[in-house]
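Trainee: Each chain, letter by letter, is given below.
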Amino acid sequence: MKPDPRRGDTTSPMANGRRGSELGTGEPVKEFLSQLVPIGIMRTDASGHCTHVNEHWCHLAGLSTDEALEEAWSQTVHPDDRDRVLGEWETATSRAVEFRSDCRWQAPSGKVRWVATHALPVFDGDGRLEGYVGAVQDVTDQRRAEEELRRLAHDLGERVKELNCLFGISRIVEDAGGSLDRIFMQTVNLLPPSWEYPDITCARITLNDSEFRTPNFRDTPWKQSATILVHGEQAGAVEIGYLEERPEGDEGPFLAEERALVEAVAERLGHVVERILGEQRLKEREDELRKRLTHLTRVSTVGEMASSIAHEINQPLTAIATYTQACRRMLNARAADETHVQEILARVTEEALRAGQIVHRLRHLVRKRESVRAECDINQLIHEIEHLASADARLHDVELRLQLERDLPPILADGIQIQQVVLNLIRNGIDAMEETDAEPRQVRVRTTRRKGKEIEVSVHDNGCGLPENAEEELFEPFFTTKTTGMGLGLSISRSIVSLHGGSLWFERNAEGGTTFRFTVPLAAD
Amino acid sequence: MEPSQPTVFIVDDDAAVRDSLKFLLRSVGLGAETFASADDFLRSYDPQRAGCLVLDVRMPGMSGLELQQRLWDLGSSLPIVFLTAHADVPMAVEAVKAGALDFLQKPFRDQDLLDRIQEALQRNADVREQLEARKDVEARIASLTPRERQVMDRVVDGKANKVIARELGVSQRTVEIHRARVMKKMRARSLSRLVQMVVRLRA
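Keeping their order, the protein sequence lines are chains A and B. 496 is the number of the first residue of the first sequence in my numbering; add one for each residue after it. 305 is the number of the first residue of the second sequence in my numbering; add one for each residue after it.
Be a bit skeptical, because a hint or two may be false.
Okay, the calculated bits of chain B under chain A, using three or more residues with CB under 8 Å as the criterion [what the hints assert, rightly or not]: (1) 318-332; (2) 494-502.
If you want a taste of the chain A side facing chain B, the calculated C-beta under 7 Å gives, among others [what the hints assert, rightly or not]: (3) Gln820; (4) Ala821; (5) Leu826; (6) Asn827.
Label pairs and their in silico Cβ distance ranges [claimed, not checked]: (7) Gly851/A / Arg413/B: 31 to 39 Å; (8) Arg497/B / Leu840/A: 18 to 26 Å; (9) Arg1003/A / Arg413/B: 49 to 57 Å; (10) Gly996/A / Glu370/B: 20 to 28 Å; (11) Asp416/B / Asp892/A: 24 to 32 Å; (12) Asp416/B / Gly960/A: 39 to 47 Å; (13) Arg780/A / Asp416/B: 54 to 62 Å.
Bear in mind the hints are in silico, worked out from the structure with no lab data behind them. Beta carbons are placed, not taken as given, at the ideal position from N, Cα and C, and that holds for glycine.
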């Protein structure tokens, strides 16, 4: 049902309140509408030439009506879009179907605007294509908004890449366990995906004498870099390069965001270096302090044994003095035969060496030294301090007994530190029996292999036992139940053992006294 | 009875110290025997043997001080020279208070030790001699009759013959005869000698 346009009031179509579809199709109405609505309207013949345009169309095209009807409408299309649009138009007209296209129009004045064209084919009574009726709408603002949106989306994408990159660095730092090499190696590989052309992006980070590169890194003419500052001093640089030429951006082929990112990465790395160096320095100081304290405790333990040691050295000295005096008497009395004297001299030598051994062992034990881990035999270590420990035990009228399991596999340890722990536990055991009449007065040291992978050393005494609340304080520094000593022995012993990957604990014996036990893992499997 | 050759008994847990001491003592012609522990010594202890003990104060097991106590309990008269390390001086002082002859700090001058040992051997010889004398006196007393013994006890207490005669209910003459026999049996040349003998025995 086609409405009759002539039925409408041509001067005031809106006044009768009818809807558009019922306004009719008469030319005056169309003219009226085409001028009222900000839409360019065109009619073409079957060949595509304009046969009718409205005023708005002319306004959009920047042409007069006559010019518009003279020229092919396609001439208004921007040269960059023209081939595409003509192709689309031909496709549509050859099939006599609806035509839709977005393109730029360029007015003779040079003004460019985006338009959306929508045209429908018109047929005559016989069904032949008569031409097209088209509507052209100015979508420049819409386009601009879209472009702005796209730009925003792109910017957002860049920000996300940047944030991803920085976040990635944070995660790397967190997982690297304080290794700068690992952090830098992983960071350098994180950089290319954050640049606009990841496939042709290479990166290099330098720090002092170290250099970290992506596998594809090479020197290129298209590069940007940022300085890594550590405590205000230039310590290295972050460099990004494109392996191939790319269109000009804000800084060579690079975008302003990429400049910001490379700066941000350099700054972040600078902070990371500062933090890790700080942590390392702190750890070094802590290690140094621990080392000194460990040594101090060892020296102090030996110091507490001074009288035992003096006694121990005194014995061979006494023997030497007595042998030599006996020898002189024999010689003076001309009562000495040569073999006799030879024999005595041999014994003197032996005793001198014995005294030397004691001093040697002692110096070995109190020497200041770097901690060295090596494979060692726990039984051998205990035998080496047995002499010293026995001397101390004897002086306190205590017997030291060793029950060492044979053929134990080696442990990986700092031998002297392990000896320090054993010696400390033995001394504690001896001290615990100072004020008790318990029999037998014995400190027993045992070594055993514990299910597969570790050695257990236990030191058993039947001394006075530990006070009720000892658990809480026993391993605290400066806690002591004795009148002598610094109260560092057990605390240091425990830290030595745990640094060796073992543990140190104690048990109260049912029959009285205490047993301290510690474990050390075997060297290797 | 001929006194036996004295022996220096050395007890020290340190083998080299023992060995060197034996050498030293033999170099001056003294007999020496060594023991590694107090128990070892006690096992072979013979009260009849003359000599002295050179003893380390501190030893595992029974200490020197404990051995000193044990010997005292056994009634031994063996003089003891203690050897000590510096740290054990207080113990050595205790030992001397408990009757030890002296103590020496290790290492020592040979002459100091030999002097102490000579002194100890001399003391041991004296003691043994006194002991012999005592036994002799005891034997003489044992040879007295009960009446002679009664008279002697009263004479030694300083009582006059007249008093003794009254107490025993005999004549003064009889007391005089018993008294002469006592003097003879006791081989006492004078009254004061007799008193000395008996009083020393009573002590």
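Trainee: A range of 24 to 32 Å was offered for this pair. Does it hold for the Cβ distance of Asp416/B and Asp892/A?
Mentor: Holds, since Asp416/B and Asp892/A (Cβ atoms, about 28 Å apart) stay within the stated range.
Trainee: Against chain B, is Leu826/A within 7 Å by beta-carbon distance?
Mentor: violated (9 Å)
Trainee: Go through the hint on Gln820/A and say holds or violated, using the shortest Cβ distance to chain B against 7 Å.
Mentor: Since chain B brings a Cβ to about 4 Å from Gln820/A, closer than 7 Å, the hint holds.
Trainee: Is it true that the C-beta distance of Arg1003/A to Arg413/B lies inside 49 to 57 Å, as the hint says?
Mentor: holds (51 Å)
Trainee: Look at the Cβ atoms of Arg497/B and Leu840/A and judge whether their distance stays inside 18 to 26 Å.
Mentor: At 58 Å between Cβs, range violated.
Trainee: Less than 7 Å between beta-carbons is the criterion; does Ala821/A satisfy it with respect to chain B?
Mentor: With Cβ-Cβ at 4 Å, under 7 Å, it holds.
Trainee: Quick check on Asn827/A please, does its C-beta sit within 7 Å of some C-beta on chain B?
Mentor: At 9 Å from the nearest chain B Cβ, Asn827/A fails the 7 Å test, so the hint is violated.
Trainee: Please test the hint of 39 to 47 Å on the beta carbon pair from Asp416/B and Gly960/A.
Mentor: holds (45 Å)
Trainee: Okay, Gly851/A versus Arg413/B on CB: inside 31 to 39 Å?
Mentor: At roughly 24 Å between Cβ atoms, Arg413/B and Gly851/A fall outside 31 to 39 Å, so the hint is violated.
Trainee: Could you see if the CB distance from Arg780/A to Asp416/B stays within 54 to 62 Å?
Mentor: At 56 Å between Cβs, range holds.
Trainee: Kindly confirm whether 20 to 28 Å is satisfied by the beta carbon distance between Gly996/A and Glu370/B.
Mentor: violated (47 Å)
Trainee: Under a C-beta cut-off of less than 8 Å, do 3 or more residues of the stretch 318-332 of chain B approach chain A closely enough to confirm the stated coverage?
Mentor: Our answer is that it holds, as 11 residues pass the Cβ test (under 8 Å) against chain A, meeting three.
In summary, the structure is inconsistent with hints 2, 5, 6, 7, 8, 10 from the numbered list given earlier, while agreeing with the others.
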